[in-house]
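Visitor: So you can see what is in the structure, the chains are spelled out below.
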Amino acid sequence: MSWNRLRRLLTPQPLITVSADPDDPRLGDLLRSADHLEEAHGATCVVLGVPQHVGVERNGGRPGAAEGPAAIRQWLRKMAMSAMIDAVRTQHLTVIDAGDLQTEGKTLQQIHDEQHDAVQEILEHGMIPIVLGGGHDIAWPTIRAMDACSTSFGVLNIDAHADVRPLKDGGLAHSGSPFRQMLETDITHLASGAFVEFGLQHHAVAAAHVQYVRDHGHTVMMLNDIRQEGLSSSWSAVVSKLERADHWYVSLDLDGFASAFAPGVSAPSADGFAPWDIGPALRSMAARPQFTAFDVVELNPAFDVDGRTAKLAAAMIMEVIAGVASRGA
Amino acid sequence: MSWNRLRRLLTPQPLITVSADPDDPRLGDLLRSADHLEEAHGATCVVLGVPQHVGVERNGGRPGAAEGPAAIRQWLRKMAMSAMIDAVRTQHLTVIDAGDLQTEGKTLQQIHDEQHDAVQEILEHGMIPIVLGGGHDIAWPTIRAMDACSTSFGVLNIDAHADVRPLKDGGLAHSGSPFRQMLETDITHLASGAFVEFGLQHHAVAAAHVQYVRDHGHTVMMLNDIRQEGLSSSWSAVVSKLERADHWYVSLDLDGFASAFAPGVSAPSADGFAPWDIGPALRSMAARPQFTAFDVVELNPAFDVDGRTAKLAAAMIMEVIAGVASRGA
Amino acid sequence: MSWNRLRRLLTPQPLITVSADPDDPRLGDLLRSADHLEEAHGATCVVLGVPQHVGVERNGGRPGAAEGPAAIRQWLRKMAMSAMIDAVRTQHLTVIDAGDLQTEGKTLQQIHDEQHDAVQEILEHGMIPIVLGGGHDIAWPTIRAMDACSTSFGVLNIDAHADVRPLKDGGLAHSGSPFRQMLETDITHLASGAFVEFGLQHHAVAAAHVQYVRDHGHTVMMLNDIRQEGLSSSWSAVVSKLERADHWYVSLDLDGFASAFAPGVSAPSADGFAPWDIGPALRSMAARPQFTAFDVVELNPAFDVDGRTAKLAAAMIMEVIAGVASRGA
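Quick note, the sequences are listed as chains A, B and C, same order.
Going by the numbering used here, the first sequence opens with residue 1, and the numbers climb by one from there.
Going by the numbering used here, the second sequence opens with residue 1, and the numbers climb by one from there.
Going by the numbering used here, the third sequence opens with residue 1, and the numbers climb by one from there.
Mixed in with the good hints there might be a few duds.
A pair counts as met if it fits within one copy or between any two copies, since identical chains are not told apart.
What the hints assert, rightly or not - In silico EDC-like links for lysine to aspartate or glutamate, alpha-carbon gap of 20 Å or less:
(1) K106 / D169
(2) K168 / D21
(3) K78 / E104
(4) K78 / E57
(5) K78 / D29
(6) K168 / D23
(7) K168 / D186
(8) K78 / D306
Keep in mind the hints are simulated off the structure, nothing from the lab.
My request is simple: use the sequences and hints to build the entire structure.
Guide: In structure tokens form, the structure reads like this:
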């Protein structure tokens, strides 16, 4: 298997030396470009960006998410490596920044198709795609790629919203529709009961949409129920659902966080998760070999406050990479 | 009993269709105007706004709360209904937006008298007023209306401050005085020990004011004591105090939240509650038949950040309505 | 022992009457100037400011911390006194604002030397310095003063970062170096294993720096480990480390808080502590006679949002003073 498709689809992003101090390398100093995919050792995370907000606008959201990948990268590069430097040095971990999809002048359908191809190529090599949104519509091509590469996959959506709205105008995907596409389209390898919506807020989701997910045999964990049950116990319940599948795709919509922590999103939530509710769980799940794909979506830098949300996105990605780094240990 | 007084006092606010999707109605789509008060079915919440900040300015606060009701309504209308749509459809719940008091050119005393009349009329019909502030002075006319309509009522104030300051200049009410007015004026039906101040911060309240409340036989739960005791246990203690009364009035001052969550208030607090400390308790209390009146005060949109505090206010109101909706269940 | 040195080094800051209400005194109304040091009764806290950000800029941070002391004072003066007014009235507590170090036209070395002299003079009188930063480099002169005045001291650093970076350009201190200076310079009275770094974030600290602290026999408690262990249990572990020493110096870097709560700092952290994680522990530690010195560092008002971070700094100082006030009780 060559990497021709991925390299053709993605525009490399500049790799920049961040720290000259060998005692204090940053992720940016260790990132490799897509040119080095063949040399990857150990568990390999492949970052790729999808800089568009077509699906957000189509869903009535405010534009800006197209700038998300660049804003996340700015902070991701600066992140210190204490939880993963040993894994990199012992060649148990490789982190590659494969660049951004070329979205200019393309329809959302075209962008999704190219994302599907790129993610599928990464999955076929047994590597872990970390997709930087962009709107939540980017979950759909990742789901299709999971379906193509796995005989049994589960999906966790951490979100204030259900994102199971119907397509627009007879078939146009948007940032509120990816999980309806998953449940209604010809997806064959989603494990029974292995789709979990986590953190939905009762005043941000329609009863019909909650019921829709449940009617398909999957699980909705409302934010208020999670709090009543307790975070720890709720996360255990999530994992036990995911364990019905061989491969897990975790999607993190930043609007699942309270807007105090994540002001820079398409549709901010006054209530929601704190970073400490999510980070440790991501790390713990990513340490499991079933953890196969991840994305962070809906960052809107136009509404961010001093990079707070972009840094949160980068911090959550670091939890995932730290979890992956611990697999060999 | 007719609704003439209330209809004369309030200016209707436009009811706007928010969602055209029958699967995803929003609160704004189900709100009825004051014209429909006679047709209300089941538990009925009546929203009314008091757009003024006379009492805030009199207390030395920064003006802006007069814009509070409009800002809350903007988000309240958009709220999804998953926790209450069944109750509306089965006629166990009605939500009415009765409009705003006419405050233009009136003294605070006149505004308070008219608020008292409007709230009393709502209470007399066995409906639940949800008053949108405005400054915290609006608690006083609601207390007077509770006193007129109940033989035994309790009051919960969720706040960083005690609001038991003396009146200004020989008798002028202000946003820091409502609970002193309650304790010193001829209020006859406040149940013994059924007034609870919840979340006061030691660096935001005078020792003499804490003592003042306790000397009257009521309860102050300081924020640090609540944390030491634990939220769950503290809320149980609150409810056991309120249970001394037949009817409960709950007042939510948004400055009881940490300013990370509620930046848009007259007097922000660096420390304070998180949304998850308050929302579930409001819902649980509102599910009880004793829960009779509610208000949200001190929103100052001029200092808000991207609507964060207005959305928090709307979310807390949705917790209350969700609690009321569950009564029949 | 006279106070000549301290009075010569510090510029008094204006003491302002905040409240005319005898029932509601504010800290500003009770603060005494350095002229009153001889008359101090009971436990005495001495506030002094170090308005500079030379060390922040040297460490590559964004300037602004020089305005920190003024911004903290603005809010500290307004703080209500419910937790400490009795201690002041019974002469068990005195709070003095000794003013600001004169930093204009001086090198960082000169400023540090003068801070060392001032802090040492306060410690020699058995009083508790509360130093307002400025960059975190100000920990170093306080450590030297602790070393001069105690035969056994411990240090707690609450921080996202380790601050054990090497000096710059062959010997220049900076905001990232104070604890390396402590571990490598001729400090003789730091108790074995009594230095604790609390709250470091794995993506904000180098593995080599964590190891460096541990290799010196001291303790690093990473934020994720604290969460896994639980705050309460983690604080107990901190105190048991500090108890190896007779005197404790606690340094609070505001960037240890999540930037939702502390946006106005030199280097904000998306994740981090909430106020409730830290305030009660500060109060509890300050109630112990071993609690000898405190500082709050890295406030950068240029990036603050409506005074949120400055108020948080003031609130944390009030927790410390409240703890000290309770010593006699």
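Visitor: At most 20 Å between C-alpha atoms: does K106 with D169 qualify within a copy, between copies, both, or neither?
Guide: For K106 and D169, only the intra-copy Cα distance (19 Å) is at most 20 Å; the inter-copy one is 51 Å.
Visitor: Tell me, please, which holds for K168 and D23 at an alpha-carbon limit of 20 Å: within, between, both or neither?
Guide: Between copies, since 15 Å is at most 20 Å while 52 Å is not.
Visitor: When no copy is named, should K168 and D186 be tagged within, between, both, or neither for a Cα gap of at most 20 Å?
Guide: within (19 Å within a copy, 61 Å between copies)
Visitor: Is it within, between, both or neither when you check K78 against E104 at 20 Å Cα-Cα?
Guide: Neither. Shortest intra-copy (28 Å) and inter-copy (33 Å) distances fail the 20 Å Cα cut-off.
Visitor: Since the copies are identical, ignore which copy is meant and state whether K78 and D306 lie within 20 Å (CA to CA) inside a copy, between copies, both or neither.
Guide: within (15 Å within a copy, 28 Å between copies)
Visitor: How would you classify K78 and E57 at a CA-CA limit of 20 Å: within, between, both, or neither?
Guide: between (31 Å within a copy, 18 Å between copies)
Visitor: Should K168 paired with D21 be assigned to within, between, both, or neither, using CA atoms and 20 Å as the limit?
Guide: between (52 Å within a copy, 12 Å between copies)
Visitor: Up to 20 Å between alpha-carbons, please classify K78 paired with D29: within, between, both or neither.
Guide: within (9 Å within a copy, 45 Å between copies)
Going down the numbered hints, you'll see the structure goes against just number 3.
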